[in-house]
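**Q** Take these sequences, add in the hints, and give me the full structure.
So the protein sequences, as listed, match chains U and E.
Numbering-wise (this note's numbering), the first sequence opens with residue 1 and increments by one.
Numbering-wise (this note's numbering), the second sequence opens with residue 291 and increments by one.
These are computed hints drawn from the structure, not numbers from a lab.
Treat the numbers as computed from the prediction; the structure is a model and nothing was measured.
All the pointers check out, no bait thrown in.
Sample of chain U residues facing chain E (criterion: CB under 8 Å; computed from the structure):
(1) Pro160
(2) Leu162
(3) Val166
(4) Ser167
Glycine included, each C-beta is placed from N, C-alpha and C at the ideal position.
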Amino acid sequence: MRALFEPGFFASTPVRTALVVGAIVALASGVIGVLTVIRSQSFSGHALGDVGTVGGSAAFLANVSPLWGFLGIAVLASGTMELFGVERRRGRDVATGVVLGAALGLSALLLYFDTTSTSTSGAAVTILFGSLFTVSSDLLPALAGLGGGVLGAVLVMYRPLLLSSVSSELAAANGLPVRFLGVAFLVMTGIGVSLSALAVGTILSTALLIGPAAAALRLTRRPGRAMLAAGASGLAATWLGILLAYDSFYWPPARKGWPVSFFVVALVLVFYVGSGSLSSARSRRARGTT
Amino acid sequence: MARPGRRLLLADAVSTCPPGRHGEARAEVLALDGVDVWLSGRKVLSEVSFAIRAGEFTGVIGSNGAGKTTMFRVVLGLEAASSGQVLLDGESASHRSRRSIGYVPQKVVLEPDLPLRARDLVGLGLDAHKLGVPWPSRARRDAVDEMLAGVGATSLADARVGTLSGGELQRVLIAHALMSGPRLLILDEPLANLDIRSGQEIVELLAGLAHGHNVAVLMAAHDINPLLEVMDRVVYLAGGRAASGTVGEVVRPDVLSRLYGHPVSVLDVEGRILVIAGSNIQAVGTLEDDLGEHRH
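**A** Next up, the structure:
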């Protein structure tokens, strides 16, 4: 055990905070991610993460937690994307691209101000690539509320959301408010992406949103199980990532520890590749028995 | 055998089906009365009126862009008519009454990796509007199994919906649409992209629903021929206008020429109908008789 868990792992406050934050983020991202992939809105999800950079860098200038910047801008951007028209896939891509371009341009300016005002590059790295160890424990109640809110909303709207994600035509024919569901889901994606941006940064937030979901889709053909599997594999990636980052403190070259975001995203990739070989092994076995 | 608490049982519906396919006394399930529809400054439907009754199979025939989908969307309340009205069971259509229409849209594209089994999709036809997570229940499972069996899709129950063939998916979508126990089932081009054999199987399934289970089936197609043997009534759409009646009443050179605003001929080639532009071809006037013979 000592070899695995370095002394002081569970005693360290940043580690405990990171474990809790990581769990909230992984579960919310997993559930939202499955619906995002079903809706073929991975690009929108990625864009919502990226535009969070504007909010994060503005929040840094205003000296508040980047979470509030991520959230504000993600909700604003999802509204704008909806206004542009997300009904048709083409319209959605164009709207997303326009909003994304504008936001990243603004981010370039704000990040420049951030770095010049503090004369370090820390702000840019934290916002773009995140670090679970730097999340303040003061944020925990807010994070739990947001994560719980997203999960609760998905549970309550599970069936309407699922059918409208599978086919908006079928949902409309069933009398479901497709447009409302679309906006509601974009806002939920915005919140989910903001949470994961806080954990692994705006650029990597898609990895936590899409990766576990994509792996889960290969392993199960049931929507509920896919959400559970995505949450579980995201949780495993986050917690193992935290552990490895903690253990990496004495690793070369700098002996200062490797960034936790690297481990989390690398593990997500490992799980994704693993799910591929697992599902093809499974189908080989199925073919062999018939 | 009827168990309570289930809204549609294929087996039960048979007993409620009155004898005779053309019973005039049957109630009108759907009626359109002088419906005009404008879409982005263009008049898409003009003065469309027709009625269909329980137990009737009605084909909506028209080429691409004739307004078939628009007409369905108006019936479903997804598009507003600028004038005229839509009546369901004799009453002006409301959000509530429209919910009881079964609808199979055109071109439902489902990715192969979608984590959704055929039985999940059929189950959503029962309760997609309900909040909360569906708890697995014996009754729900039985209802889904029974419906899948009714459309001949039992073996597909656990397949991912995105991996089904065109004909298989149509069966599952029909089962989905039937779960709410609709008296009116609308299908938008269900035969598009189907091979001849699966197309014919779908037509037979739908004809069984109409004639055997008293559902009013309204189905769009661009080709009238696959439906000729089962169709009780046709709604022919061209240039935004509609003509309706039996095949013999509607598919005639004079009626169709008026509808198209251009002279057309109707040819009968061994029981199959060809509608061709131009009036210089010797039209066959005895279509009704030929059809009658063909049916025997």
